[in-house]
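Line by line, the protein sequences give chains A and B. Following my numbering, the numbering of the first sequence begins with 70 at its first residue and continues without gaps. Following my numbering, the numbering of the second sequence begins with 37 at its first residue and continues without gaps.
Ranges of calculated distance between the beta carbons of each label pair, as one might list FRET restraints:
no.	chain 1	residue 1	chain 2	residue 2	range
1	B	Ala196	A	Glu121	14 to 24 Å
2	B	Lys162	A	Gly138	44 to 54 Å
3	B	Ala254	A	Gly163	26 to 36 Å
4	B	Gly163	A	Val85	27 to 37 Å
5	A	Ala127	B	Pro177	37 to 47 Å
6	B	Arg171	A	Leu88	23 to 33 Å
7	B	Ala196	A	Gly116	13 to 23 Å
8	B	Leu220	A	Tyr99	20 to 30 Å
Think of the hints as simulated: they come from the structure by calculation, not from any bench. Don't be surprised by glycine CBs; every beta carbon is placed ideally from N, CA and C.
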Amino acid sequence: MSATEKRISTRNFFAVFLLAGLLIAGVASYYASSHPDGLNFVAEKTGFSDKEEASSTADGPLAGYSTKGIDNDRLSGGVAGLAGSLLVLSLAGGLFWVLRRRGTAGDEHSVSTSSGT
Amino acid sequence: MHVPDGFLDVPTSVATGVVAVGGIALALRGARRELDDRTAPMAGLVATFVFAGQMMNFPVAGGTSGHLLGGAMAAVLAGPWTAVLCLSTVLLVQGLFMADGGITALGTNVTLMGLVGVAVGWLVFKGIRAMLPDRLGVLAPAAAIAALVSVPVAALVFSALFAIGGTAPVSPEKVAIAMVSWHLVIGVGEAIITGMVVASVIGVRPDLVYGARSALRARRLEIREPSTAGESA
Numbered sequence: 070m071s072a073t074e075k076r077i078s079t080r081n082f083f084a085v086f087l088l089a090g091l092l093i094a095g096v097a098s099y100y101a102s103s104h105p106d107g108l109n110f111v112a113e114k115t116g117f118s119d120k121e122e123a124s125s126t127a128d129g130p131l132a133g134y135s136t137k138g139i140d141n142d143r144l145s146g147g148v149a150g151l152a153g154s155l156l157v158l159s160l161a162g163g164l165f166w167v168l169r170r171r172g173t174a175g176d177e178h179s180v181s182t183s184s185g186t
Numbered sequence: 037m038h039v040p041d042g043f044l045d046v047p048t049s050v051a052t053g054v055v056a057v058g059g060i061a062l063a064l065r066g067a068r069r070e071l072d073d074r075t076a077p078m079a080g081l082v083a084t085f086v087f088a089g090q091m092m093n094f095p096v097a098g099g100t101s102g103h104l105l106g107g108a109m110a111a112v113l114a115g116p117w118t119a120v121l122c123l124s125t126v127l128l129v130q131g132l133f134m135a136d137g138g139i140t141a142l143g144t145n146v147t148l149m150g151l152v153g154v155a156v157g158w159l160v161f162k163g164i165r166a167m168l169p170d171r172l173g174v175l176a177p178a179a180a181i182a183a184l185v186s187v188p189v190a191a192l193v194f195s196a197l198f199a200i201g202g203t204a205p206v207s208p209e210k211v212a213i214a215m216v217s218w219h220l221v222i223g224v225g226e227a228i229i230t231g232m233v234v235a236s237v238i239g240v241r242p243d244l245v246y247g248a249r250s251a252l253r254a255r256r257l258e259i260r261e262p263s264t265a266g267e268s269a
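Work the whole structure out from these sequences, hints included.
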């Protein structure tokens, strides 16, 4: 079953998936559209956008996806994107690692050993 | 679709906060069944990818933009309960550190994107799968359609909340029509991204995709592989 199902190892797949996320958050996000998103746009058009209050975390070091103290826009946004991604990775990854079923290695074993042959 | 502080009144925000906490509590129980040694790291990476994807606003006609919500994508890749926790973690980090989405609106955002987005995405995905043969090839298109539907439904739920507890005297119908029609367009972007990502992962490692489990089992039976009982190792 493995020849067609597993083109790359689990470790390499995870590395590529992580890299893709970090590249989007850290590099590509600079090119994201700065137009208001759907909700903000509708709020402006229908007339409730002035009800928006600044978040109480608006003074934080990463607020607005820009890093305080870094003047270069590209770098400032990239660092904030990377920091946010790593925060999500550690929080979510840690939570899922704690929640996971233990001792179910049987399934995993049969997959990984058969891929080796 | 991140709701800032001030759009909804306090009772509505409290109510959505209660709904969000209840949903997360259920998800913490349900996710245990979806996560094991291999899928737990996968799910952590799915959450990271959703965070990254939400940064990538794409332009939509008429000077507005949209971005991935990721509920359907996370549900298909990691399982629906785990997806609720993925989205909730993303929204928590965005609210606390990025000032993206209000703090008093955190419950609203978890409800809209974490609960409604994931639930609609997963149910539509399952509904489409039930009508089609159990094959890997149908998964990405099914995920894309699920993603397409999930965005305007989340927008509609926001409109309902605004009709109940909006802070401005704006016609609820106007808000609902504008929200749903713009988010239908944004949903097309959501569908394209979700379809491409799900197809890519299935192309290389379908065994890591929660939504592919039954299709993989069906395929194994077809090619008469020895079952996965403990002895095979």
